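Engineer: Below are the chains, spelled out letter by letter.
Number of protein chains: 2
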Amino acid sequence: MSQLLRVQNFSVSSDGIAAGENQTFENPFGFDHTALFAWAGATASWPNRTEPGGSRGLDDYFTRDFAHNIGAEIMGRNKFGPQRGPWENHDWLGWWGDEPPFHTPVFVLTHHVRPSFTLSDTTFHFVDGEPAAVLEEARKSADGKDVRLGGGVTTIRQFLDADLVDTMHVAVAPVTLGSGLRLWETPDELRDRFELEIVPSASGMTHHLFWRK
Amino acid sequence: MSQLLRVQNFSVSSDGIAAGENQTFENPFGFDHTALFAWAGATASWPNRTEPGGSRGLDDYFTRDFAHNIGAEIMGRNKFGPQRGPWENHDWLGWWGDEPPFHTPVFVLTHHVRPSFTLSDTTFHFVDGEPAAVLEEARKSADGKDVRLGGGVTTIRQFLDADLVDTMHVAVAPVTLGSGLRLWETPDELRDRFELEIVPSASGMTHHLFWRK
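Order-wise, the sequence lines are chains A and B.
Residue numbering for the first sequence follows this note's numbering, starting at 1 and increasing by one per position.
Residue numbering for the second sequence follows this note's numbering, starting at 1 and increasing by one per position.
If we strip away everything but chain A, and leave its shape as in the complex, we get (with noise of 0.2 Å):
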C-alpha cells in the first residue's frame, strides 16, 4: 500500500473555521477552542490523557486512529509556535512539552529554518519548501508509513491546493464562530476530488470523513 497523506481530528466550526486570527502564546488557538475540542479528550484515546476514563464510542474510534501508521508528521509553523519571522533564538522547543504526543520525526514547515532538535522520541525539523517537495521528505522519514498533515489550517489549505492529500478527517463542532482561519466555505468545496461520507456523532459532532475518488 501507498504511503498515505491523512488529515486526522482537526475541528472546525459550523462555518468552516479553525482558528483565530490573533494567534498569541497565551492563546496558541487565537480564540477560544473548548467547543472545537472538547469532543476529542472527551475519549479514551486521547493522546494526552492522563486520568483513566473517557468515552468507547465513535469518537474513540477517531482518536485512536491518531498515531495507528503513522510514521511522520507535517506541521505549519503557527502549530509549533507564535513566533513570525526569524527566530530570536533556539531557546524555546515548542507548543508540546517534554514528551511531545507525535512520537515520529516531525516536519515544521518554516521560511526561517533552524536546526533540528529532539525531544523525548519525537524529533523537530524545520523546512522551508513546497508542499510537494517535503511532503517527500516527510515519507522517506517514515519507514514506509503513511504521513499525518498535522495542521493547522493555512498548512491543510496548501496541501488540499496542490492536492497531496489522500484522507482527511474533519470533525464539525455545532457552533458557528463567523470569523477567523476558515477551510472551507462548505465541504461540498471538495466533492469534485473525495468521495465524503457525513458521519453524526453522540457528542454533537459531525464527522467528514474524505478519501481520494
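Hints are computed from structural coordinates only; laboratory data are not their basis.
Errors might be hidden in some of the hints.
[To be verified] A few chain B residues that face chain A, going by a derived Cβ cut-off under 7 Å, partial list only:
#1 57
#2 197
#3 202
#4 211
[To be verified] What follows is a list of derived Cβ distance ranges for each label pair:
#5 144/A <-> 204/B: 33 to 39 Å
#6 28/A <-> 101/B: 40 to 46 Å
#7 48/B <-> 48/A: 31 to 37 Å
#8 49/A <-> 178/B: 41 to 47 Å
#9 127/A <-> 192/B: 52 to 58 Å
#10 204/B <-> 88/A: 56 to 62 Å
#11 112/A <-> 2/B: 42 to 48 Å
#12 140/A <-> 41/B: 29 to 35 Å
#13 129/B <-> 116/A: 49 to 55 Å
#14 130/B <-> 116/A: 51 to 57 Å
#15 185/A <-> 195/B: 22 to 28 Å
#16 204/A <-> 22/B: 42 to 48 Å
[Unchecked claim] Non-contacting residues of chain A with respect to chain B, defined by C-beta distances greater than 10 Å in every case (computed):
#17 158
#18 179
#19 195
Computed from a prediction, not measured in an experiment: that's the story for all the values here.
All C-beta atoms, glycine included, are put in the ideal place defined by N, C-alpha and C.
The hints should help you fit chain B onto chain A, whose structure is shown.
Structural biologist: Coordinates of chain B only, in the frame set by chain A:
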C-alpha cells in the same frame, strides 16, 4: 491502561442472528453470510483484502482497528473448524490458510485439546477451561496489549454471561434472518452494563458500540 477484552467487527442481522445452525465445512456460517459481511470486505483496511482500493469512510475505521493494540485472540472451536467431538486427526489446520489474519497467539476453546501449532506468525493453542481462566491465559500471552474475542456467537454469549467483555462493536445488517444462532433479542438487553452508541453507516450497516459503564 488495563488489557481490555474487545469484540470487533462482529456482524449480526437486524434480528440479532450471527450464524446458521447447520455449520459445515463447505458453509462455515451455516447460511449465506454475504449480507452480514459485505460491508467489511468493501473497506480499504479489511485484513483479507488482496487488491488495492476499497472505501476509507466510516466502515474503514472499524476494519482498520482490527489489529490495533491486539495481542491475542480467543475464539470458539466453531470459528476454527466444523468438526465436533474428538478430533479424528490433527491434519487439518483450520479455516484460516497458511497466513492466518490474526498474527498473534490464538486460543481456541474446546473440550478436546490438541497440540499447539504455528502458521506464519499465528500460533493456535487449544484450551479447555472457564472463560475467566482462558482470558487470564490470553492476557498473559498478549504482551500487555488487549485481547480480541473473535466469536462465534456462542463464545461471545459465554463471555458476556461471565461479564468479561469490556468493549464490543457489533455491525447490524439491514436484513432479517428469522432463525439461527442469536447474539441478542435486542441490544437493549445490554444497556444495564454497557454504554451504547448507535451509528448508521452509508453502507446500510448500523454500528453498535458498547463499552462498560
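Engineer: Give a verdict on every hint.
Structural biologist: To see whether the hints hold, each was checked on the structure:
1. 57: holds, 4 Å
2. 197: holds, 4 Å
3. 202: holds, 5 Å
4. 211: holds, 4 Å
5. 144/A <-> 204/B: 33 to 39 Å: The hint (33 to 39 Å, Cβ to Cβ) holds, given that residue 144/A and residue 204/B are roughly 34 Å apart.
6. 28/A <-> 101/B: 40 to 46 Å: holds, 42 Å
7. 48/B <-> 48/A: 31 to 37 Å: holds, 35 Å
8. 49/A <-> 178/B: 41 to 47 Å: holds, 44 Å
9. 127/A <-> 192/B: 52 to 58 Å: holds, 54 Å
10. 204/B <-> 88/A: 56 to 62 Å: Taking Cβ atoms as reference, residue 204/B and residue 88/A lie about 57 Å apart, which means the hint holds.
11. 112/A <-> 2/B: 42 to 48 Å: About 45 Å separates the Cβ atoms of residue 112/A and residue 2/B, which means 42 to 48 Å holds.
12. 140/A <-> 41/B: 29 to 35 Å: With Cβ atoms ~33 Å apart, the hint holds.
13. 129/B <-> 116/A: 49 to 55 Å: holds, 53 Å
14. 130/B <-> 116/A: 51 to 57 Å: holds, 54 Å
15. 185/A <-> 195/B: 22 to 28 Å: violated, 36 Å
16. 204/A <-> 22/B: 42 to 48 Å: Since the Cβ atoms of residue 204/A and residue 22/B sit about 46 Å apart, the hinted range of 42 to 48 Å holds.
17. 158: holds, 22 Å
18. 179: About 31 Å separates residue 179/A from the closest Cβ of chain B, which puts it past 10 Å; holds.
19. 195: Its Cβ does come within 10 Å of chain B, the nearest being 7 Å, so this is violated.
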